[in-house]
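Colleague: Residue-level listing of the chains:
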Amino acid sequence: MLNIVVAVGFMAGLGLILATVLVIANRRLFVYEDPKIDEVEDLLPHSNCGACGTAGCRVFAEKLVVGELQPGACTVNSAEMNQIIANYLGVELGSQEAQVARLACAGGSNVAQRYGDYRGVESCRAAALVAGGGKGCAWGCLGLADCERVCDFDAIIMDRHDLPQVIDDLCTACGDCVDICPRDLFSLQPASHRLWVACKNLEKGDLAEAECVVACNGCGRCAADAPGELVTMVNNLAVIDYSQNTHASRVAIERCPTGAIVWLEGGVHKGQEAVKIVRKEALPLK
Amino acid sequence: MADSRAVKSLRSSPHLKQSVTVAQIMRNVVFALIPVCAWSVYAFGFSVLLLLATTTLVCMLSEAMFCRISGRTSSLGDWSIVITGLLLGLTLPPGFPLWMAAVAAFVAVGLGKALFGGLGYNVMNPALVGRAFVQAAFPVAITTWSPPFLPGRFTELIPSTLTAPFMMPEPIDAWIDQKSIDAFSGATPLALQKFEQVSTPLTELLTGTVSGSAGETSAIIILLGGIYLAARRMMDWRLPVGVMLGAVIVSLPFWLLDAARYPDPLFVLLSGGLMLAAVFMVSDMVASPVTPLGVWVYALFIGMLTVVIRLFGGLTEGVMYAILLGNAISPLISLVTQPKVFGERNKS
Amino acid sequence: MSQADINTAVVDPGLTTRMLRTLGLVAMLSGLLVVLTYRFTLPMIEENKRLAIERALFKVIPGAVSRQDFVITEQGIRRAEQNTEGVTLYAGYDQEGRLKGVALEAAAAGYQDVIRILYGYDPYCQCIRGFQVLKMAETPGIGDKIIKDADFQQNFVALEARAHVSGKGLEQAIVPVKHGTKTEPWQIDTISGATITSKAIARMLNDSAQQVVPIIQKDLAIVEAGL
Amino acid sequence: MTADSVGYIFMNAAIVNNFVLAMFLGICPFLGISAKRDTAWSMGLAVIFVMLVSSICAYGINWMLTRFEIEYLRLICYIAVIASAVQLVEMTMKKYSPALFRALGIFLPLITTNCAILGVALFQTSREYSFTQSVAFSLGAGVGFTIALMLMAGLRQHLELAKVPSVSQGAAMTMMLAGLLSLAFMGFAGLGASHG
Amino acid sequence: MLNALFSSRSFKHGVHPPDFKALTSGLPIRRLPFADKLIVPLSQHTGKPSIPLVKPGQEVVRGEPIAEADGFFSVPQHAPATGRIENIRLMPSARGPKIESIILQVYGGSTQQEMYEYRHDVDAMNTDEIIQAVQNSGMVGLGGAAFPTHVKMKPPPEHRVDTLVANGCECEPYLTCDHRIMLEQPDRLIKGIRLFMRALGVERAVIGVEDNKMDAVRVIQKHLEPNDTISVMDVPTKYPQGAEKMLIQSVLGRRVPPGQLPSSVGVGVFNVGTLAQSGELLPLGRGVIERVVTVSGPGVERPGNYLVPVGTPVRFLLEHAGTTADAKEVILGGPMMGMTVSALDVPVTKAMSGMVVFEHDQENHQGPELPCIRCGYCLSACPMQLNPSMLGMLATSSDYETMASDYHLNDCFECGSCTYVCPSNIPLVQYFRIAKSVNRDMAAKA
Amino acid sequence: MSGLPDTTEKITLDTFLRGLWEENPVFVMLLGMCPVLAVTNSAINALAMGLASTFVLVASNSLVSLMRHFIPKQVRIATYIIIIATFVTMVDYAIQAISLDLYNALGAFIQLIVVNCMILGRAEAYASKQPLGATIINGLGIGAGFTLALLSLGTVREILGSGSLFGVALFGENFQPWVVMVLPPGGFFVLGAWLLIFAWVGQHRQQRMDQQEVAQHDS
Ligand SMILES: Cc1cc2nc3c(=O)[nH]c(=O)nc-3n(C[C@H](O)[C@H](O)[C@H](O)COP(=O)(O)O)c2cc1C
Ligand SMILES: Cc1cc2nc3c(=O)[nH]c(=O)nc-3n(C[C@H](O)[C@H](O)[C@H](O)COP(=O)(O)O)c2cc1C
Ligand SMILES: Cc1cc2nc3c(=O)[nH]c(=O)nc-3n(C[C@H](O)[C@H](O)[C@H](O)COP(=O)(O)O)c2cc1C
Ligand SMILES: Cc1cc2nc3c(=O)[nH]c(=O)nc-3n(C[C@H](O)[C@H](O)[C@H](O)CO)c2cc1C
Ligand code: SF4
Ligand code: SF4
Ligand code: SF4
Ligand code: SF4
Ligand code: FES
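Protein chains in written order, with our numbering: chain A, 1 to 286; chain B, 287 to 634; chain C, 635 to 861; chain D, 862 to 1057; chain E, 1058 to 1503; chain F, 1504 to 1722.
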């Protein structure tokens, strides 16, 4: 019996001592950290992609908790989860105009000339460093898929003409492809923008078209047709001023002879006068 | 030409290439190994021939199989797997049951190489991974030695060689007693030294008229192979030299202290598998550091550790474990021995 | 949270008592559970332990059926009672209460780790009659030959451990010799292929016997008085 | 070296019977924290420190328990005290040395549930080590843990640059690597014990 | 101290590719005729592009400035021939991007006698005047880097330059233009060196020549006075002996610290071609309008050293030298560092020292890329003593930041020695270029 | 935490089954590895260890679940550990009472169940949030998964390493045991091999599923 009493007593003593120590420690040594940060971080997708503009999900969570950012800024999370976070923190969901990556080139292997047969590391950047990779158009896509590889969300696939295609639904606008493309062909654009110039070639007229059938040849018809200053010609290239996006309309694309300016609405629409591309296989080396 | 059509290749510099390839290097190592194998077969007989054939073949088959499974292009063409097979065979006792040798070969390739992605990515020496595995799995069989130059070694196999798969090999003492004229102790020179302080004459060690693993026999032939490889720059001479140096650095003071108890450095160098290991295994490039300083650190580490295990450990032979441990710290060695860039000054 | 909130979170007075109460209660509860279990299982465990020792004991002391524990103290051999400090010595007796031998523990580092054995000593023939391994981590297939190898066990039919006339140490140290070269009764024929383990046995027997044999011989009467 | 000399105990715990590779203690953190060298290093240091602390605590508690003859409470007391000690260390660090906390702190909670720590305490008791022996043992165990962790981290980080087949990536490969390391550590068997 | 004991006469590491120089080293420099159209890029040098001084339709005389320097870090361009400006527009360049170029319609042969020039008395000029004159001549490094020469003549004030090193190594295989210049124009070379020495204010000059060109050494020695402040020194034939850091180590035993310029160890390095042309042009006040180009390689029918007007399309040069039917790869520069071109419309520029044409690509590149087997060959080849093996492995896992921060990526000068020796056919240099390019982009964006 | 969704679980079959596979503590979550490797050199040890751990898991987690509303956050770890340690000590003595041989074979690892991260992990992640019923069922599932994993290692290691299963010799006299399997490296290798197999099977299944999906899209 004594045995039992000693044991129970000892344990009680031990428990109390430990609890006391912890209580004291808790008072003396406590460093406050808002538990909500952890909770919110758990609700984030942990992609650490940076699309929200912070260094990662944890930082985003911290900023959410102090109210610097709004849950909607995370474009990777599902809408419901963001709503849950918003409810939990009692803040506005907030929203960010959904953005997607857009490619300013349409020169697939079936329409754009190539002069040289690049052999070496399979990478656009590598090719670009070897005399421009052999593509006729010095501004165009090299088609070696650096962007496809860098996209963590599988939002880019190379089509059969070695041209990257962005799957809008998967793109989180993280901007990795924008950074990696050696030809700077990607940019993040609000998904609602319909008018788009898919070319960066600065050559004019026949010189441009000799290198790529679908190049902007600088004819200026889109600029003439579009209302106001919506489209202007800069260095032989049509440039859209998205601050005037409100009066964007399809008229701008209708007379484009090459189809370099397009209307994006449930697919890519070209004007009536645009060349019809029938060629399916790659152009031979020239 | 004038016509631009003819000019198409776009490449990055340099446009010249030295012609030595991985396959050539590996092939030359095989050439250097052939005399070692031949001497071993001559000394121990057909059993060793079968042993080497088994390890090499199983290694090649496993490699082919793993390449198939993992969708890599077959790497049989680079010869490296032949080296693995031969070296594995050379590290086993002459009468080692063939089925165990096959297990060793399979493990060598699977666990030592394929698991990590094949040639160039393995972290430890595949041949030694195979041997360490069977050493731990079949400790009795792998310490059953038979003497060299037995009469009838070309007409008769060592009885344990053809043990049925998964069965225990039968003891071979009786068979050896019946064959050899003098009483054979079943001990290698290392064991004799360690447990009985009996030293084996150096001439015997040099020519390989002692018992031991199939390939740890003639130091001279192994050295010649090493010199050939080093001269052709297919092997880094610093590695074997470093290992031997390391071995001497540790063994010399002990020998000077108590020559009766501790072996002399020359004996340390020539006995056991140290020579074979130093020349052909430590020099395996894949699992050794690349940095100039790292190479020395690595080789000295292995040499010193070998002797430490031999003198103070429970095993008579330490070189295999020393190399595996060397392989294990090789990434760390590489890390702390990055070369100094041209023109970089010492921090003073 | 404002700073005030933070402070209350930390200094919440109820919290302190709750913490103390919870831990204290849980600790008491656990103490209770453990002590009950302990009391309940104690007899069975003691029985198990006794059985285990006796099983080993009766194996190393042929013919023994009962036992008595002694302790070797600085003053000599004493009967084991609580809190007597020293090396334990188990004496085994036959049906008639005659001393059949004593058993002692010995230990030394083997191939992997320390090996512990219980060996039986026959004070009349002054020889070691057998041993049982209590704990060892030697390699199965190699190190465990010390148990399975018949040749090796043969060493312990009558391994001589005669006290030196001076009353200190053994007359002949127990030494290991290479397999097949045993000529003297105090030599241990080692197992080739497991030399390390078998030498460890020799070493621990020698170390232990050097110490205790003279004492046993001196105080043999006490042990014989036994039961 | 004799079996109970401090040197032998240290080396045995650190290398010959390495806690991780031969005794299977502390496997979870070994697998979890060995992906990067610098975290492995910090974890190793943290473990050495906590092992030392808990070994000393355990020595004291055991002395007390033996006096009260309530050895059966040993396990509970050990673990409770170790857990609290770890928590205390963690809080102290967080408060007074945030830099050290950032380096080691995140590992401390993990250490609470690390068998190796409790293992040290239990083994030193069952082997009846003296105080100095206990300290040597705990240091050896900690150093051995760190060695294993660093080797593993070196190999794993090295393999990050390799084209490891997708099936063997991750836990399977880590396990096999641990196996290989353990195989290599068998070479140390018997080291330091006299074999004359 | 130990260093002094162990340092050999040359730098550590490096490689020994076969040099193939016998193809052209015995052939004297010949003048190439004018092509119909010349293309003068406004940016054929490091630094800001030049600003055109001419308009389409305007007539120019050979040697007349047609573009002026845009500030100190830039050089003017001169008309390589008499003719009419056809246009100023984007034209392909050897490196890939299109750049603004002046297109010149060349008049027939007889009109090319007139030369635009402006004679100076160089001996009377002070330092600044010489430097100005060098800039006016449009001189850039003819050794391949195309760095404006006058910039190099004005070292940062904290560096005191005491020695001029003339780089006559020409370590690239096939190329012999510097060799021919040293043989045929030693007087101009020495004149140029003395001029530069005066501008730099140095007492000593060393001409470093690889010991496979001992004839050049002897010729130059003949032109030196006894106890001359200029000396010639033969250095071991080893690639890349011509890299300025290596050469300085070989001739002076000084090591330029990583990321530093030669002037940090008191040295100015100039290519012998640069010096010889300066020696010729400065007194006449002419600009750089032509240069010696070695055309060689198995794909060329008539290899040789040609004096080529700047702006000549590569196609024209190739037509003139003749190419075999199997010609497959045209390399501008030498085979170790030069780059292949895809468009033959690109012009010869000031820095282009050679053109090598290969037939089959198999002969120089065997087999597919294999994993690094860590043979360490690359480490013992790298003259910068880097760890290309590690850099290569990091590159394949796209860890470019670590390459730069921990493994000195930026000290690699892309000599290609590592790639040359790699038995696994790993295109190391190409990986390094990718890495540098990504890092540059990221830095620019940050 | 009002805003957070209610995570109390309804008891379904899945509550139990999850532990066997999806959340298998060993193969999937890699928790509690030390006993998994250390005591699986024979099937009987593995079984005993599995059962002991399951008992501790279920018992301690039940207690934690019962007390979940009373334990202040600051002392929760200490409390959990004391609870776990109590049950471990009980098991420890129980096994000693049942068989000393078994106790010796399992070595210190019975006591080390205390620090088995699996148990504390479940207490933290599950029992502290769920009602008693779900906790018990889930604990049983996890325990079964743990035992299963131990057994799958133990059987392989015993068969290869000693040529027997649950102590019964399988292959007769002459079988050559693979000693390495009962040595430390063998534990790692066998577990690694199981993980490899699972990864391989998983990958193949994934591939098949992908293919099916593609096929569905096409039609
Ligand atoms: C995996 C392995 C396990 C071993 N285990 C033991 C052992 O348990 N006991 C032992 O004495 N030697 C062991 N050895 C050591 C060797 O068998 C050693 O060579 C032998 O003890 C020396 O004895 P010998 O002189 O009779 O050959 C082991 C070796 C290996 C490779
Ligand atoms: C005073 C002085 C300043 C220089 N400044 C630079 C510079 O800012 N950037 C540069 O790339 N090279 C500069 N250089 C030129 C380099 O030394 C070197 O010639 C050039 O980078 C090309 O070297 P390479 O042909 O060995 O690659 C300068 C040279 C001198 C003498
Ligand atoms: C790998 C490498 C090799 C070089 N080889 C030569 C060479 O053979 N001859 C040469 O004049 N310059 C060579 N250079 C360029 C020199 O480093 C240096 O830039 C040049 O000599 C400076 O003179 P410049 O500005 O007059 O061209 C080489 C550069 C590098 C990086
Ligand atoms: C000098 C040299 C030594 C080698 N030694 C070994 C060896 O010891 N074991 C082995 O498996 N392969 C060896 N190889 C072959 C090859 O490197 C080996 O298969 C790789 O380790 C597998 O990736 C060697 C190759 C060379 C060139
Ligand atoms: S868009 Fe850019 S990165 Fe993508 S394939 Fe084209 S060139 Fe490469
Ligand atoms: S990489 Fe580009 S396409 Fe992919 S998600 Fe990011 S922005 Fe979108
Ligand atoms: S290319 Fe760069 S890394 Fe390679 S050898 Fe030359 S300097 Fe070294
Ligand atoms: S030369 Fe090639 S294979 Fe050899 S270490 Fe360098 S990169 Fe690796
Ligand atoms: S069970 Fe997790 S550390 Fe041991």
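Calculated directly from the structure, the hints in this document are not laboratory data.
Please note that a few of the clues may not be correct.
Just the calculated beta-carbon pair ranges, DEER-fashion [said to hold, decoys possible]:
1) F/Gln1714 x C/Leu659: 55 to 63 Å
2) A/Ser187 x E/Arg1497: 35 to 43 Å
3) C/Ala784 x F/Ala1628: 50 to 58 Å
4) F/Leu1668 x D/Ala896: 34 to 42 Å
5) D/Asp899 x A/Leu93: 36 to 44 Å
6) A/Asp241 x E/Glu1174: 37 to 45 Å
Heads up, simulated DSBU-like pairs for lysine-lysine below, C-alpha to C-alpha not over 35 Å straight-line [unchecked claim]:
7) A/Lys286 x E/Lys1112
8) A/Lys286 x E/Lys1493
9) E/Lys1493 x A/Lys204
10) D/Lys955 x F/Lys1632
11) E/Lys1502 x A/Lys63
12) B/Lys465 x C/Lys782
Here a beta-carbon is modelled for each residue, glycine too, at the ideal position from N, C-alpha and C.
Colleague: Against the earlier hints, flag every one the structure doesn't satisfy and list their numbers going up.
Modeller: 2 and 6
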